[in-house]
Amino acid sequence: MKRTMILLLFLLVTLAISFAQSEVDVWQFNPETGEWDMNAGNARALTSMPTQGSCNKVNWEILITTEAQIAQWCKWEINGTKWTWFVRKPGDYYTNSVYFFLQSNGDVVLSATGFSDLEYYIPDQGVNRFIETYWFVTPDPGVVPGIDDWTRAEEVNGSILVEDSLALHEGLRAYLWNRIKVVECNSACIYRDSGTITITLKNQKPWITDDGDYVEPLTQFVTTLR
Amino acid sequence: MKKFTLITLIAILGSMLFALVDDPIEKKVLAYEGDPANARAFYSAPTGGSCNKAVWAFDIKVEAQIAQWISWSIGGTKWTWFVRKPGEYFADCIEFSVKSNSDVGFTFSEFHDLEYTLGATASVNPIIPVWYNFGSILTDVLPPNNPNPWFPAEELNSVKTYIEDSEMLHNGWVTKLWTRIKVVECNSASTYRATGNVTITLLNQKPWIIPETGEYVPDLKAHVK
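Going down the list, the sequences are from chains A and B.
Here the first sequence is numbered in this note's numbering, starting from 1 and rising by one per residue.
Here the second sequence is numbered in this note's numbering, starting from 227 and rising by one per residue.
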């Protein structure tokens, strides 16, 4: 019994030593200054699986493994999140585009919710409380939408998957156009609608929190895979 | 003729007898320090005299054949990077120490850039370049004025180097291994990995050591001269 315990303890200690991990400092090249910044936070590195030998054997082989786990990152920009129309008379109007940029290294889902026609902002007032609203999206900055190219606001709601691709890595551009149809029944006032676009990274690593920080302790994500 | 035959016979028998008597005998080894199993001792070349000569002289020899030994350790054999954004990074080191009593050689094989672990088609760019370096302190490896060159993984495979027998090696030679990666925007989110092989070779091992195990050869006394 005592012997089994000692053997078990020995095995546990051996296992613990073989899987010992330690975090090391990381330097990142800063292209703006030409310097190497220490522990800037965008990459962390841990070493593990130490080994050793001591005797007269002539050849010793040591396996050295480098593994990089790359998190999904996303860079996006939209140069306007609000259109404000000043309409003097009824008419069918559309406006030049807002620029949207999206860059990532994995699948991204774009979801739109809450899009609808503009609504008279004071409840229970207005002869016609709604202004028909349409959207048009194009990757080509030179394209001007035709009359049949528009999508009614409510039909914009839903999701699309932007698959991992070279184009996405390099950055996708889209131009959003907006159209409103103001009719004579729309009373003079303010009409408004707010929709939400949600960008979701689909291939995020488990060691990244929902806020984009590292999960602690990071050591739990170090494996013995070679 | 008869006399000559008799002399020849005596000479042959004498040399056979001498050879029989000079069979090395292994003796028990004790140790004040260290493990007695790490040394073995034989005595041989007996001699003697028997007559009325006034002065006798004979040599006493002690010969110690010292095998090459090594004691080495490496603080880690795996680097795991957790990269949040593209960039060029290098990491502080893994400490490597080696202690030996003669020349020690190093060769490298199968080092290559990190590859996407799910297959080449699953990433926009399935390769992450990796470099390795050796140096005791940061300034040895810090670009752009680093005196020690960074080796691209594949070039490391052609490096053959050795540490010469020296007091420094006997006392323990210590260096650090550094790694550097360049993650670009085309690397999809996932895991990339590469494994290489470092071989340490004892360059002056004795013939009475089995190279593969470091144990004594079975017929050790054949090496007594």
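Treat the hints as calculated values from the structure; they're not laboratory data.
Predicted model only: the values in this text are computed from it and were never measured.
Every residue gets a Cβ at the ideal spot worked out from N, C-alpha and C, and that includes glycine.
Just to be clear, a hint being listed does not mean it is correct.
As the list claims (entries may be wrong) - Ranges between beta-carbon positions, derived for each pair: (1) B:348 with A:160: 49 to 57 Å; (2) A:20 with B:449: 38 to 46 Å; (3) B:362 with A:213: 27 to 35 Å; (4) A:216 with B:430: 32 to 40 Å; (5) A:149 with B:348: 33 to 41 Å; (6) B:366 with A:20: 39 to 47 Å.
Unchecked claim - Below, simulated BS3-like cross-link-like pairs (lysine-lysine); rule was C-alpha separation at most 30 Å, straight line: (7) A:202 with B:386; (8) B:408 with A:57; (9) B:447 with A:82; (10) B:432 with A:57; (11) A:205 with A:89; (12) B:311 with B:386; (13) B:253 with B:402; (14) B:402 with B:287; (15) B:287 with A:205; (16) B:451 with A:57; (17) B:408 with B:432; (18) B:325 with A:57; (19) B:451 with B:254; (20) A:57 with B:311; (21) A:75 with B:253; (22) B:408 with B:386; (23) B:408 with B:253; (24) B:279 with A:57; (25) B:325 with B:432; (26) B:408 with A:205; (27) A:202 with B:451; (28) A:57 with B:447.
Status of the hints after comparison with the structure:
1. Hint check: residue 348 (chain B) to residue 160 (chain A), Cβ distance near 21 Å, so the stated range 49 to 57 Å is violated.
2. A beta carbon spacing of about 41 Å between residue 20 (chain A) and residue 449 (chain B) agrees with the range 38 to 46 Å that was offered as a hint.
3. In this structure the hint that residue 362 (chain B) and residue 213 (chain A) lie 27 to 35 Å apart at CB holds, the actual value being about 34 Å.
4. Restraint check, residue 216 (chain A) to residue 430 (chain B): a C-beta distance of roughly 49 Å breaks the suggested window 32 to 40 Å.
5. At roughly 35 Å, the beta carbons of residue 149 (chain A) and residue 348 (chain B) sit within the given window of 33 to 41 Å.
6. Judged by the Cβ atoms, the range 39 to 47 Å given for residue 366 (chain B) and residue 20 (chain A) is violated: they are separated by roughly 25 Å.
7. For the suggested pair residue 202 (chain A) and residue 386 (chain B), the alpha carbons sit about 45 Å apart, so the restraint of at most 30 Å is broken.
8. At most 30 Å may separate the alpha-carbon atoms for a hinted pair to count; residue 408 (chain B) and residue 57 (chain A) exceed this at roughly 37 Å.
9. Among the hinted pairs, residue 447 (chain B) with residue 82 (chain A) is inconsistent with the structure: their alpha-carbon atoms are about 94 Å apart, more than 30 Å.
10. Pair hint residue 432 (chain B) plus residue 57 (chain A) holds up; C-alpha atoms about 11 Å apart against a cutoff of 30 Å.
11. Note on residue 205 (chain A) and residue 89 (chain A): the hinted pairing is violated, with a Cα-Cα distance of about 53 Å set against a maximum of 30 Å.
12. For the hint pairing residue 311 (chain B) with residue 386 (chain B), the CA-to-CA distance comes to about 35 Å; that exceeds 30 Å, so the pair is violated.
13. Straight-line distance between C-alpha atoms of residue 253 (chain B) and residue 402 (chain B) comes to about 44 Å, which puts the hinted pair past the 30 Å bound.
14. About 44 Å separates the Cα atoms of residue 402 (chain B) and residue 287 (chain B), which puts this hinted pair outside 30 Å; it is violated.
15. For the proposed pair residue 287 (chain B) and residue 205 (chain A), the alpha carbon gap of about 70 Å is over 30 Å, so the pair is violated.
16. Between residue 451 (chain B) and residue 57 (chain A) the CA atoms are separated by roughly 24 Å; this keeps the pair inside 30 Å, and the hint holds.
17. For the hint pairing residue 408 (chain B) with residue 432 (chain B), the CA-to-CA distance comes to about 45 Å; that exceeds 30 Å, so the pair is violated.
18. Restraint check for residue 325 (chain B) and residue 57 (chain A): the C-alpha separation of about 14 Å stays at or below 30 Å, so the hint holds.
19. Under the criterion of a C-alpha separation no larger than 30 Å, the hint pairing residue 451 (chain B) with residue 254 (chain B) is consistent with the structure, at around 19 Å.
20. Straight-line distance between C-alpha atoms of residue 57 (chain A) and residue 311 (chain B) comes to about 44 Å, which puts the hinted pair past the 30 Å bound.
21. Restraint check: the Cα-Cα separation between residue 75 (chain A) and residue 253 (chain B) comes to about 77 Å, which exceeds 30 Å; the hinted pair is violated.
22. Between the alpha carbons of residue 408 (chain B) and residue 386 (chain B) the distance comes to roughly 25 Å, so the proposed pair stays at or under 30 Å and holds.
23. For the proposed pair residue 408 (chain B) and residue 253 (chain B), the alpha carbon gap of about 61 Å is over 30 Å, so the pair is violated.
24. Using a Cα cut-off of 30 Å, the hinted pair residue 279 (chain B) and residue 57 (chain A) is violated, with the two alpha carbons roughly 51 Å apart.
25. Restraint check for residue 325 (chain B) and residue 432 (chain B): the C-alpha separation of about 17 Å stays at or below 30 Å, so the hint holds.
26. This hinted pair checks out: residue 408 (chain B) and residue 205 (chain A) have alpha carbons roughly 19 Å apart, not beyond 30 Å.
27. Restraint check for residue 202 (chain A) and residue 451 (chain B): not satisfied, since their Cα atoms lie roughly 74 Å apart, outside the 30 Å limit.
28. A threshold of 30 Å between alpha carbons decides the hint, and for residue 57 (chain A) with residue 447 (chain B) the separation of about 20 Å falls inside it, so the pair holds.
When the structure is compared with the earlier hints, violations turn up for hints 1, 4, 6, 7, 8, 9, 11, 12, 13, 14, 15, 17, 20, 21, 23, 24 and 27 and for no others.
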